[in-house]
Structure formats: structure tokens, C-alpha cells
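Protein sequence lines, in the order shown, are assigned to chains A and B.
The first sequence lines up with residues 0 to 763 when you count with numbering that gives the first Met the number 0.
The second sequence lines up with residues 0 to 194 when you count with numbering that gives the first Met the number 0.
Honestly, the hints are just simulated from the structure, not real lab data.
None of these values were measured; they are calculated from a predicted model.
Think of the CB as a built atom: it goes at the ideal place given N, C-alpha and C, for glycine as much as any other residue.
Among the hints, a few may not be true.
Mimicking PhoX-like on lysine-lysine, the simulated pairs with C-alpha atoms at most 20 Å apart in a straight line are [what the hints assert, rightly or not]:
1. A:Lys351 to B:Lys23
2. B:Lys23 to A:Lys665
3. B:Lys165 to A:Lys52
4. A:Lys23 to B:Lys75
5. A:Lys220 to B:Lys75
6. B:Lys76 to A:Lys351
7. B:Lys35 to A:Lys665
8. B:Lys75 to A:Lys351
9. A:Lys170 to A:Lys193
10. A:Lys227 to A:Lys193
11. A:Lys52 to B:Lys167
12. A:Lys258 to A:Lys220
13. A:Lys1 to A:Lys23
14. A:Lys23 to B:Lys167
15. B:Lys23 to B:Lys35
16. A:Lys52 to A:Lys106
17. A:Lys220 to B:Lys23
18. A:Lys106 to B:Lys165
19. A:Lys220 to B:Lys78
Covered by chain A, per the in silico footprint, the following chain B stretches (three or more residues, Cβ under 8 Å) [claimed, not checked]:
20. 16-27
21. 34-45
22. 84-95
23. 118-127
24. 140-151
Take a look at the letters that make up each chain.
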Amino acid sequence: MKTRAEPLGIEIIVARPDALEADKVFGAIFQYPGTHGHVRDLTPEMEALHAAKAIGIVAADPMALCLLKEPGAMGADIAVGSTQRFGVPLGYGGPHAAYMATRDAYKRSMPGRIVGVSIDSHGNRAYRLALQTREQHIRREKATSNVCTAQALLAVMAGFYAVFHGPEGLKAIAQRIHRKTERLARGLEEAGFKVEPETFFDTITVDVGLLQQGVLRAAVKEGVNLRKVGETRVGITLDETTRPATIEAVWRAFGLLRKDEDFAPRYRLPEDALRTSSYLTHEVFHMNRAETEMMRYMRRLADRDLALDRAMIPLGSCTMKLNAAAEMMPVSWPEFAGLHPYVPEDQALGYKQMIDDLSDKLCQVTGYDAFTMQPNSGAQGEYAGLLTIASWQRERGEGQRNVCLIPVNAHGTNPASAQMVGWKVVPVKCDEKGSIDLVDFRAKAEQYSETLAACMITYPSTHGVFEETVRDVCAITHEHGGQVYIDGANMNAMVGLSRPGDLGGDVSHLNLHKTFCIPHGGGGPGMGPIGVKEHLVPHLPSHPLEDGIAGPVSAAPYGSPSLLPISWGYIQMMGGAGLTQATRVAILNANYIATRLSGAYEVLYTGHEGRVAHECILDVRPFADSCGITVDDVAKRLIDCGFHAPTMSFPVPGTLMIEPTESETKAELDRFCDAMLAIREEIRAVEEGKADPENNPLKHAPHTMEDLVRDWDRPYSREQGCFPPGAFRVDKYWPPVNRVDNAWGDRNLTCTCPPMSDYAEAAE
Amino acid sequence: MAFTPTDYLPYDFANRRHIGPSPKEMAQMFEVLGVKDLDALIKQTVPAGIRQAEALDLGKPMSEREMLWHMREVAKKNKVLTSLIGQGYHGTVTPPAIQRNIFENPAWYTAYTPYQPEISQGRLEALLNYQTMVSDLTGLEIANASLLDEATACAEAMTMAQRVAKSKATAFFRRRELPPAEHRGDEDPRRAPWH
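With the rest of the complex left out, here is chain A (with noise of 0.2 Å):
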């Protein structure tokens, strides 16, 4: 937090609660209940806020609100929290999900992505993410955060376990979770310990004394880690795992041979902070719990959604490449799941080997001499990237350098990072071909050159073309004092051909989801760690326990470590002839679609010898002009063809990017050109007049099962509009809606599950 602050001139007052002067601040954080198991009514602290017309924020254990007064209750503007401990590992730190809640007022100011209920084209209801204007990607001046990659993988899963447990079965986890505590704290205080706060959820400090190393020694060899507080205690928190046995180890730790065996249930939660209302009412928190229920209600929402496992998903810019189960397994090993983020040192030495490994082998792909793991996404890797530049200018005293030079068909990530760092972006023209202008990046250099911090640069460019200026464009930011951060989002056309740390790049991310096969989850997890020169080194984030000349950038000290065996394993499974032959035949495939298309659709931005990189960028704006068909028509009627659509609009509005990855057969590439060349006599007909300009499949897509079977009144066949070309015939998939509208969603936003009604509604 403090981190995030500096930069955008916040000063951080940290006290006792009672030093709040509400009047001084914009707003203020509180930790419910407190680090040292403190759980007390938050109500008059938000009172003085707001009488001050400042911000209450809460951070809270999502299951301590299953027992006690929620935020909203005493006030609170913003809640946050983890909800990791609703059934997602360990895993050492991380991924897990982050939540955010607000009020209705402030719901367009809040970052991240929200779902919300819309309806489609025939008035069902459908869901898609809401406000989404609100996002960088689209609106880059006014992002609000550089928030892209979220953790949906995880908030799924904790989703689910609300849905597995209901509020009747949390409410009896919290309950248990208290009770132990409760049963723990009373066996010390019988030995005569001094245990605090009087009253608390699942945690307790007990005071040791001079005893303190002797008692965590004792614990670790009991098979207990407790934590260190201060010089004179001790931490515990319990949890839904605690056995008796572990309660009984605890207690032995300080010397206390003692059964756990009194089950008779005593609270010691606070009286004025229960809490009295109902939580988790809708019907999805109330069906039948049975496995085969649970089972088939997860079967049913997979179902509904096309991932890899069915089909090409060939994303511009994502990458969407092959993860291998064998790269998958180790996740899930108790090894690597079961482990906190604040161990020991020598009860992670596995992890340590890996990382160090690892980092070893992205410097040998790279051409850099250090990373760190921290970064959880590729936009926080941009961000501690920016920070590391930052810092180093700081201490060679160039402090005042705040100018970040950036190319105006850069990702919308770019700006946005080098605004959390408190720089002023300086956009630079790119030519017709969507390289870099050198003479205006040449004149905008010499412009700034006294307050020129860095430059952000992808390569290959975001337009998919190797640059042959790009040691120029670092040559002359290091002439003019600046550093080179280079993107790392188009890492799969380098890997083995070419190391940004030898163009002249400083500093890079790396997007471990995309080129080094870390899933992406349905929009998270990611890895984005960094990779820097060795002057850059010292000023690399620092461990979030320890001091360092800059600050860290995530809670857990490696960001997520329990997704590095899957970049790992794919790196010793493929060698480096192996990543090698996977870049060129990435750069193959991108190519023969190029290729195959060319004749139907202009590809823009090739090479001079009219190749492409690992992607193609398709042209599909003059149909808008001649038919009125849209880039949306032909992602859309992509999924009618079992397609992903491409990514759209990005670099170049109207445009589709294509990247099909190395893991693609010539057959899946081969089904998709020929739905792409189909769509394209689809357009043709439109064109020519052969076909009604709205009442055609294009506007009509996605075609669901519904349309097939109702009466069937458009001028085109059955067939044609639902098993285009590309479309599989038994395994056809069926898009569950019609297409979304969008608009109608933000008008009427609802983000939470719609009343049973609805549903009654939407069925006849």
C-alpha cells in the first residue's frame, strides 16, 4: 500500500485507532478482525469518517462475517479481503482471490471486472461483465487502475464452496473454527498464560516472555508453525483443518500435556459485533448438497462455455497454447499446495530450488541477469518493472525523471502502469505500418531528455511485426538518461530466436500464462514476474517481511508460486531446442493462416517480405463501409463455426488479431480458415445484394439451439445459419444465448444472482 501510495503524493498515517483524526483524511483502512485475533465494532470509526466526508474501508476474513457484524452494517463505504480460505490451498502464497465490495454510489468507480445480468437479442436473460467502459483496455486516459488479469479460476472456486456448504454449513465452519479457538486459548489460560484479546474469532496472542524462541522451536518440532510476534509472543490462528491432535501438539509446544477432549461448546465471540443478519438467501445457496447435485450443477456450467478443451481459441496477444496435464499435476500435490507464505526458510527448499532454477532458465531465454517472481499478473510485473526504473533513477539522482515514453498502438496496460508510478505518458507516432516512428521518437527523447525516465516498448510490436529499429529505439533512450522496459507479451515469437535483454531492453515481464503455459483460468490466474539488468538488481521489489531499497508489490513473497511447476516442467520437458522449434512453428501457423486468408481478407502490417510473426491481423473494416457487417458480426458468427472469436479491436479498431500458437494441428487451422473464408462469402452475398443486409446469419449470430427449433422465418436455411463451415456435426457446440446486449445490462445493472422470479420469468 505504501508502495502504491508515493507516487500519487498519499501520505500514510499509521497508528493506534483511537490517534484517527477523521478530519485529516481522505479515508481509512481497518483490519476485521485485527492481525491479533481483535474483534471490535467498527461503527463509530466510519461514523467520524463520514462526518468528515471521508472513506470507511474494512478489510475482513470472509469467514470471521459468517459469525460476526458485517461492514456494511457498521458503515463501511468498502469492504476488502481474501477469500483464499474458502476451500483454495495454500499453495505457498498464492494464486488465490481478492474481493472487493462497495456501495451502489461508488460501484463505477470500483476497479477490477464485475459480471453482471443483461439480456440477448431475444430478450433472455444472459450475463456478461458489466461497465465494462470502466476498463483499461478500452478507455486507456482514464483507466482507473492497470487491474487486467483478475483470479476468476480461484473465485470460482470459492464460489463453489459457498455453494457446497451454503450459509447453514459456513456458519457451522465458523462456528467449529471459534470453538477450537476457544478450547485452545482455555487450556493455556488453565497453565496460567496470559492469552489476548479477551474476546476474538480464530486467532489469540499469548504472551510468552523470554520463552518465545523456545516455544515456536518446540511447536515446529511438534509439526506446528505458529507465528512470532513481537520479542514476548506468540500467534495462533486456527483454521477449518485443526484437529484435536493439533490443538494437543499447540498445547505441548508451551509445555502442556493435556488432552482435548471437552467438546462442550462455549463462545467467546465479542457481544456488541455478532452479527444478526441472514447472509447467502438466494436458491443457488440453498439446492440440494448431494454430489451428484453438486456434480452435474458443475458439469452443466462447463458445459455451457467453449475453453481449450474444445476448441482453437486463437487470441492476438494471448497466447493461448497447450497446457499440458503433466505441467498441471504438481499443482495440486500437497507439497506444493499445503505450504503458508511465511514458513521457514528451510521448510521451502523445494520451492527455492525450483525458483531458482527457473529464473536461471528465463535469464538464459531473455538475456537479463535477475528475476523476481513477485508480480501477479503481467500488468503488476509492468508496475514493479516501472517502480525498479524508478527507484534506480532515485538513487543515482535523477529523481525528477517522471517522463515514460510509450507508442500510441502500446497495450492499454502501458500507460496505465506508468500512471500508478505518478509518470507523465508521452505518446509517440508509429508509422503505416505500426512500427515505431523513429524521427518522432527521436525528437521526443531530445525534447524530455532531462526528465526522461524510461520507454515501454513491445516486441514484436503489438501489430505483430519484428522492428528491425528496435536497438535504435534503446540506443537512444539510454543517450537521453531513460531505460528500456520491453513487454513481454509477445515473448512467444522470441523465445530461442532472440533475447530482449540483448535489443537493449532493462527490464522486461514476463506473462507466464501466456508463453510459459500457465492456464489462464477463464481470466486468472497469471504470473508476470520480471526480469532486469544487473544494475536494476538492489532496487527489484523486496520480500514483504524484510526491508529493501523498494517496496513489494504483493503480499506473499513469489506472487503465486504454487503455478511455477507448470512453467517449470514445460521448460525441462522442452528444452531449449524444444521452446526453440515451438517459436518457429508458432511463427509457421500464424503464417499459413496469414497465407490461406490472404485472397478473402486484406492482412495488414507484414514484414518486408510480406510475412508475419506468430500472429495476423485481419482487416474487416471495409465491410462495415460496404454491407454494414461488423468485427462484432464475424466474432460472432465465429461461435455458430465452434470458434473463439479472435481478439477484437485491438491494436487497430475493426480489425481481427489472430494468434494460433505452436500447439495448434494443421486440421484445427484448416477447420478455422475455412469457417473464416466461409463467413467471408457470407459477407460477400450481403454485399451483392444476394442477402437481406440485417435478416442474414451474420446479425443473427450466435444461433442457439432455440432458434433451430422454433419456427424457423429467415431467408436462409436451417443448416446454413446453425452448421456453417468449421462447425462440428455431432459435437456441434450450442451457445446457451443469443447475442448479449450490453448496453441494456449497464442501464439496468444488477451484479448479484437475480431473484428466483426472474428465472421463472425467462422460462416461459
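The hints should help you fit chain B onto chain A, whose structure is shown.
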């Protein structure tokens, strides 16, 4: 002799499993592209001036089985104790049905961000369940579908507060006890506990 020894390498992960086109398919693709081989295509695509001088050498590639065996050896060096350390991280029971049907199921983990809603209704519903859960438990009207980690969420909340607060103050108050990434310098929880 009818017996012919094969030169097929069944455990070659890179070329058999990870890379899609087979050698035969690649030959057909070269024909469509009008190039002799992969080297010729790369020569046309990647400018000589940016090519790395030496080939990438990361040791002998492992088969899937070898990699998993090696991974197992490394994993054994991690000691799994019961951690009662708290600070935002807790032991939890992942329901086995969720582990098998979500966490280890490619239908869930290989999906992309749901920007195309028509093909994402399943995970959008699952995320809506998550938002409803968060909204209910916190007692606040609207929740998002997750942020990277609690430290990021706290920082995002702070900057959001600055955007929406009517107060023009420039300071932000933090009670002296947040997760360790939030603690810097003098308030390191290990050195200066608040109680």
C-alpha cells in the same frame, strides 16, 4: 526380415505433444506458403540483426515421466507442517468434488477471460455466485469478480477512496495491523506488535 526398427520417439514431449502440426502436416504447410522449410520461413520473418547469437541450450529435454519424477524429488524438499500463522492465509478443506471438477478440469482452467459472453455463460454464472457471496457476507451492494491478492485489494481500495471521497485531505489512515505486505518499516508486525 519383416521387422523394421522405428525411429519414432514416443516420449518426445516438444514434438509429439506440445507442438501441434506433425512433420507431414508441416511439409504440406510449407507448400502452401511457398517455402522450402522452416529455416527458410524464419529467415524471411525474423530480421538477422535481432537473432540471438547462440542457440538456446537448457539441457537435455525430459519426458513427462522423467519431469514428474524430478518434480517429485524437488517437492519432497518442501516440508508440509501445520501452519497456524494466519496473517491472511489459512488452512482450508478444498471439497474433493471442487478439486476434481473445477481446479483440475481443463473445461474450467483453459478458458479465457469472459469477454465474449455468449460462450462464457457458465463461468459468468459461477462468478456471479461469487459476487453474490461477497456482497452478502460484507453487507455491501456490489462486489467485483476478484482482484489479484489482498495487498492489491487494499491498495486499490485506498486509491478508490481518494477518487470518491468528498474530503480533500491527502492523507490516508491505516490502523496499525494489516497483512505483512502492508507493513513497512517501523510497524513491522514482528517487531512492534499493536495490542
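Each hint, compared with the structure:
Among the hinted pairs, Lys351 of chain A with Lys23 of chain B is inconsistent with the structure: their alpha-carbon atoms are about 42 Å apart, more than 20 Å. Restraint check for Lys23 of chain B and Lys665 of chain A: the C-alpha separation of about 10 Å stays at or below 20 Å, so the hint holds. Restraint check: the Cα-Cα separation between Lys165 of chain B and Lys52 of chain A comes to about 5 Å, which is no more than 20 Å; the hinted pair holds. Of the pairs offered as hints, the one joining Lys23 of chain A and Lys75 of chain B is violated, with about 52 Å between alpha carbons and a cut-off of 20 Å exceeded.
Straight-line distance between C-alpha atoms of Lys220 of chain A and Lys75 of chain B comes to about 18 Å, which keeps the hinted pair within the 20 Å bound. Among the hinted pairs, Lys76 of chain B with Lys351 of chain A is consistent with the structure: their alpha-carbon atoms are about 9 Å apart, no more than 20 Å. For a cut-off of 20 Å, the pair hint linking Lys35 of chain B to Lys665 of chain A stands: about 18 Å separates their Cα positions. Of the pairs offered as hints, the one joining Lys75 of chain B and Lys351 of chain A holds, with about 12 Å between alpha carbons and a cut-off of 20 Å not exceeded.
Of the pairs offered as hints, the one joining Lys170 of chain A and Lys193 of chain A is violated, with about 29 Å between alpha carbons and a cut-off of 20 Å exceeded. For the suggested pair Lys227 of chain A and Lys193 of chain A, the alpha carbons sit about 16 Å apart, so the restraint of at most 20 Å is met. For the hint pairing Lys52 of chain A with Lys167 of chain B, the CA-to-CA distance comes to about 9 Å; that is within 20 Å, so the pair holds. Only pairs whose Cα atoms come within 20 Å are accepted, and Lys258 of chain A paired with Lys220 of chain A is accepted, the gap being roughly 18 Å.
Only pairs whose Cα atoms come within 20 Å are accepted, and Lys1 of chain A paired with Lys23 of chain A is accepted, the gap being roughly 18 Å. Taking the CA atoms of Lys23 of chain A and Lys167 of chain B, the gap is near 9 Å; set against the 20 Å cutoff, the hint holds. Under the criterion of a C-alpha separation no larger than 20 Å, the hint pairing Lys23 of chain B with Lys35 of chain B is consistent with the structure, at around 14 Å. Straight-line distance between C-alpha atoms of Lys52 of chain A and Lys106 of chain A comes to about 18 Å, which keeps the hinted pair within the 20 Å bound.
Of the supplied pair hints, the one linking Lys220 of chain A and Lys23 of chain B is violated, its CA atoms being roughly 59 Å apart against a limit of 20 Å. Taken as a hint, the Lys106 of chain A and Lys165 of chain B pair is honoured in the structure, with Cα atoms around 16 Å apart against an allowance of 20 Å. For a cut-off of 20 Å, the pair hint linking Lys220 of chain A to Lys78 of chain B stands: about 12 Å separates their Cα positions. With 9 residues carrying a beta carbon less than 8 Å from a beta carbon of chain A, the region 16-27 of chain B meets the three-residue requirement, and the given coverage holds.
Counting residues of the region 34-45 of chain B whose beta carbon lies closer than 8 Å to any beta carbon of chain A gives 6, which reaches the threshold of three, so the coverage claim holds. Counting residues of the region 84-95 of chain B whose beta carbon lies closer than 8 Å to any beta carbon of chain A gives 11, which meets the minimum of three for the stated coverage. As drawn, the region 118-127 of chain B meets chain A at 10 residues by the rule of a beta-carbon pair under 8 Å; at three or more, the given contact holds. For the region 140-151 of chain B, the stated coverage by chain A is satisfied: 12 residues place a CB nearer than 8 Å to a CB of that chain, which reaches the threshold of 3.
When held up to the earlier numbered hints, the structure conflicts with 1, 4, 9, 17 and fits the remainder.
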